[in-house]
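Protein chains: 2
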Amino acid sequence: MNSKDSHDIPPDHPRYESLKLRAKVVDAYKSGVLADSGLIAYGRGEAFDYLLGEETSSVAKKAIETAAATLLLAENPVISVNGNTAALVPEKVVELASTLDAKIEINLFYRTPERVQAIKKVLNDAGAAEVLGDEDDPKHITGLESPRSRVSREGIYRADVVLVPLEDGDRAQALVSNGKKVVTVDLNPLSRTAKTATVTIVDNLVRVMPQLIQEVKRLQLMGTSTLQDIVDGFDNQQNLQDSLKLMLESLS
Amino acid sequence: MNSKDSHDIPPDHPRYESLKLRAKVVDAYKSGVLADSGLIAYGRGEAFDYLLGEETSSVAKKAIETAAATLLLAENPVISVNGNTAALVPEKVVELASTLDAKIEINLFYRTPERVQAIKKVLNDAGAAEVLGDEDDPKHITGLESPRSRVSREGIYRADVVLVPLEDGDRAQALVSNGKKVVTVDLNPLSRTAKTATVTIVDNLVRVMPQLIQEVKRLQLMGTSTLQDIVDGFDNQQNLQDSLKLMLESLS
Chain A
1 MNSKDSHDIP PDHPRYESLK LRAKVVDAYK SGVLADSGLI AYGRGEAFDY
51 LLGEETSSVA KKAIETAAAT LLLAENPVIS VNGNTAALVP EKVVELASTL
101 DAKIEINLFY RTPERVQAIK KVLNDAGAAE VLGDEDDPKH ITGLESPRSR
151 VSREGIYRAD VVLVPLEDGD RAQALVSNGK KVVTVDLNPL SRTAKTATVT
201 IVDNLVRVMP QLIQEVKRLQ LMGTSTLQDI VDGFDNQQNL QDSLKLMLES
251 LS
Chain B
1 MNSKDSHDIP PDHPRYESLK LRAKVVDAYK SGVLADSGLI AYGRGEAFDY
51 LLGEETSSVA KKAIETAAAT LLLAENPVIS VNGNTAALVP EKVVELASTL
101 DAKIEINLFY RTPERVQAIK KVLNDAGAAE VLGDEDDPKH ITGLESPRSR
151 VSREGIYRAD VVLVPLEDGD RAQALVSNGK KVVTVDLNPL SRTAKTATVT
201 IVDNLVRVMP QLIQEVKRLQ LMGTSTLQDI VDGFDNQQNL QDSLKLMLES
251 LS
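Residue numbers (the numbering used here), protein chains in the order written: chain A, 1 to 252; chain B, 1 to 252.
It is worth saying that the hints were derived from the structure and are not from the lab. Don't be surprised by glycine CBs; every beta carbon is placed ideally from N, CA and C. Please note that the accuracy of each hint is not assured.
What the hints assert, rightly or not - Cut-off 30 Å, straight-line C-alpha distance, at most; resulting in silico cross-link-like pairs (BS3-like, lysine-lysine):
1) A/K30 with B/K20
2) B/K181 with B/K217
3) A/K120 with B/K20
4) B/K20 with A/K195
5) A/K20 with B/K217
6) A/K30 with B/K120
7) A/K20 with B/K20
8) A/K24 with B/K20
9) B/K181 with B/K92
10) A/K20 with B/K24
11) B/K30 with A/K24
12) A/K245 with B/K92
13) B/K181 with A/K24
14) A/K195 with B/K245
15) B/K120 with B/K92
16) A/K217 with A/K120
17) B/K30 with A/K30
18) B/K121 with A/K245
19) A/K20 with B/K195
20) B/K245 with A/K61
21) B/K245 with A/K121
22) B/K121 with A/K30
23) A/K30 with A/K181
24) B/K61 with A/K245
25) A/K120 with B/K30
26) A/K245 with B/K245
27) B/K121 with B/K62
28) A/K62 with B/K24
29) A/K30 with B/K24
30) B/K61 with B/K30
31) A/K20 with B/K30
Claimed, not checked - Calculated Cβ distances over 10 Å to all of chain A for the following chain B residues:
32) E46
33) P138
34) K195
To be verified - Have a look at the derived ranges for each label pair, beta carbon to beta carbon:
35) B/K30 with A/K24: 14 to 22 Å
36) A/R15 with B/L251: 21 to 29 Å
37) B/P113 with A/K121: 31 to 39 Å
38) B/D136 with A/D27: 32 to 40 Å
39) B/R158 with A/S250: 38 to 46 Å
40) B/H140 with A/R15: 49 to 57 Å
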């Protein structure tokens, strides 16, 4: 019933680029990749990105470097993919997983078999050879009610580091409580996810992924102790404060 | 394809109330009342409302009082209704229009005949006797490309004051350029609409409407000079600065 609306964008509209990206998200919604809540969450992200001036700050760059080092130090890194991540950066997820030799796992807040399959198709089309998360014998992590606690035996269940962009606060908390290091991308530095994660990148996922891949490639040449120094020199709460300060400056 | 997702809300989720309101917006999307962009815009609003602490500030209350006085001083007040307004507060629109003896006009950014009729039905179901905006012989205001410039001959075209909640910046600008006083409700104090309008209420429309109706009823008992004093004593740019200050304080 709403088809084509978002594509009918007047080219002289001052927010043309932003509206075009939005159209991509709407397409994902219509193809069943994105849940209702995902479309609304995208809008929340837009507002916070606006406060960031829609660019990657030096503060975010520091978090990206630390995220890359954390992922490189992992024994079993997993990239957790939800609807928004699949809608926005499927090729980058596949490229990052391949660069890191990480697993890709679909993990949804509003889980339906149809959405899992729609996202799996998007990831396969983007070049993913293996996608976890639709097994018949999932494991469960503690601290969440049943449908949301499900994780893949070969994926998040045994992972030591999980990259979970755009995650719900409850689940970020549960992952940490289950002993995982959580790397997240969240435009809201005050969200529970942002505060809970081990490394929080306060930036737009569309801008983060290419830079994260670049950082992983650069740091792959470094030794373990260099990577550990990067991780040890990073203070997530301080980084969140610094991101907040940038937003405050943009507002005033 | 996404049906019922947003209704499947865990009651113990910390954002339960917010998720329930969101479900209402999603229903409006599915019934064709709301465009894609409307769902995303709702998410942006959520983020700014979060920064406001999800309550009506004393700063917003001052803007609501001035909005009421401005509407009461109007010769031909019109309430412009888009998809989000119809989704969130249809009964309140009808009540305010009846209290003010104002016209109701449907005015959409992404206009389709189907959406106009869906919104008309919502307003009629909420008790509206007359709804403008679907005439075969519309007029056009200057400064916008054709489909977006359309207004009703008996409505916005001859209005001196237009209440346009959640308006696009281009159209708010065009209304002002066409000599209308614009009263808007916008959670982003930095938006072009917020800066352009004559009176901007920085608050959630769901909270604003009952208070605006209450203010109109209270001020109806006052004389014209009292109303004019209220309007003259209000500085919209200062009020926006004050709203911004509240958000800054909540962030820091």
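Going down the list of hints, with the structure as the test:
no.	hint	verdict
1	A/K30 with B/K20	holds, 22 Å
2	B/K181 with B/K217	holds, 21 Å
3	A/K120 with B/K20	holds, 29 Å
4	B/K20 with A/K195	holds, 24 Å
5	A/K20 with B/K217	violated, 43 Å
6	A/K30 with B/K120	holds, 25 Å
7	A/K20 with B/K20	holds, 29 Å
8	A/K24 with B/K20	holds, 26 Å
9	B/K181 with B/K92	holds, 21 Å
10	A/K20 with B/K24	holds, 26 Å
11	B/K30 with A/K24	holds, 19 Å
12	A/K245 with B/K92	violated, 39 Å
13	B/K181 with A/K24	violated, 36 Å
14	A/K195 with B/K245	holds, 24 Å
15	B/K120 with B/K92	holds, 15 Å
16	A/K217 with A/K120	holds, 26 Å
17	B/K30 with A/K30	holds, 11 Å
18	B/K121 with A/K245	violated, 46 Å
19	A/K20 with B/K195	holds, 24 Å
20	B/K245 with A/K61	holds, 28 Å
21	B/K245 with A/K121	violated, 46 Å
22	B/K121 with A/K30	holds, 25 Å
23	A/K30 with A/K181	violated, 33 Å
24	B/K61 with A/K245	holds, 28 Å
25	A/K120 with B/K30	holds, 25 Å
26	A/K245 with B/K245	holds, 14 Å
27	B/K121 with B/K62	violated, 33 Å
28	A/K62 with B/K24	violated, 40 Å
29	A/K30 with B/K24	holds, 19 Å
30	B/K61 with B/K30	violated, 33 Å
31	A/K20 with B/K30	holds, 22 Å
32	E46	violated, 5 Å
33	P138	holds, 18 Å
34	K195	holds, 13 Å
35	B/K30 with A/K24: 14 to 22 Å	holds, 21 Å
36	A/R15 with B/L251: 21 to 29 Å	holds, 24 Å
37	B/P113 with A/K121: 31 to 39 Å	holds, 34 Å
38	B/D136 with A/D27: 32 to 40 Å	holds, 33 Å
39	B/R158 with A/S250: 38 to 46 Å	holds, 41 Å
40	B/H140 with A/R15: 49 to 57 Å	violated, 23 Å
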